[in-house]
Amino acid sequence: MKNLNSIFAAYLIAWGIFFVYYVTVARRAAALREDLERLKNSLKNPPNSSPNRGQ
Amino acid sequence: MAKSALGAAVVVLLMAAAAYAAFFIAPTDTRQGEIYRIIFLHVPSAWTGLVAFFICFVANIAYVLRRAPQWDWLGVSAAEVGLAFTSVVLISGPIWAHPVWGIWWTWDARLTSTFVLWLLYVAYLMLRTLVEEPDRRALLSALFGIFAFIDVPLVFGSIRWWRTQHPQPVIMGEPGAGLDPTMLKVLLFSWLPMLALMTLLIMTRYRLEAMRSDLDLVRREAEAG
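Protein sequences, first through last, are from chains Y and R. With numbering that gives the first Met the number 0 applied, the first sequence covers 0 to 54. With numbering that gives the first Met the number 0 applied, the second sequence covers 0 to 224.
Quick caveat, the hints were computed from the structure, so don't treat them as lab data. Ideal Cβ placement from N, Cα and C applies to all residues, glycine included. Please note: incorrect hints may appear among the correct ones.
As the list claims (entries may be wrong) - Rough simulated footprint, nothing fancy, chain Y against chain R, three-plus residues with beta-carbon under 8 Å:
id	segment
1	5–19
2	113–127
Stated by the list, open to error - If the Cβ cut is set under 8 Å, some of the chain R residues that face chain Y in the computed set are:
id	residue
3	R36
4	A83
5	S157
6	R218
All chains should be built: construct the whole structure from the sequences, respecting the hints.
This is the structure in structure tokens:
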């Protein structure tokens, strides 16, 4: 089959673009989720609310 | 999370089925040979990109009218996803063109208008990185998005209104133009995984934008407190 390499290359590049984009978005979401949790926790337990404060 | 994994699995299965149909069910083209099979990737990607830009356009108009941040989130999500599909179009097109035309690229109306479309939505996303204030960023990018969409009818009409190097439309073209019925069925079936993938990507990207908004809100609360 002539030009089969070109067809495979086109399919691989296309799927690669979609896969990399999906993974990038998922990783950005995971990093944001982590930031959000950390910030929420720091609001619930602020560092200056420690019982030893001022001692 | 489980729903999104299930969605991704469905998309992968549909894409595998579409690739099988493109390689083993669609007949070989008598003039172009096997290389024509790229259209089962190229054309559905192009249609899907235009659908994503249309969703972006609707979201941009809705934002200008309602000023609800959810429309801005949908707009940016659809623009980014549309850009991914249009990138596939701009890469797969030259891979097909080189053995068929003997050149990778020519500045004809269809290719140029598609490249301009890609540049316009890159500019749309770059514009968003330049404005800090969320409401101003959303409004400016919505207005720019509405302007950028003007190129979509040009892309659609370019092969109908002008004589181009690009092949004539496979559907909604002149009488007598078009594809063999089996090829057409495979082409339409190949569009299904692309639409499913577009939906999955827009939903995933939308959730990211919603989360970013939550984070901004909590940050502002932390700064105020």
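Status of the hints after comparison with the structure:
| no. | hint | in the structure |
| --- | --- | --- |
| 1 | 5–19 | holds (count 3) |
| 2 | 113–127 | violated (count 0) |
| 3 | R36 | holds, 5 Å |
| 4 | A83 | holds, 5 Å |
| 5 | S157 | violated, 22 Å |
| 6 | R218 | holds, 7 Å |
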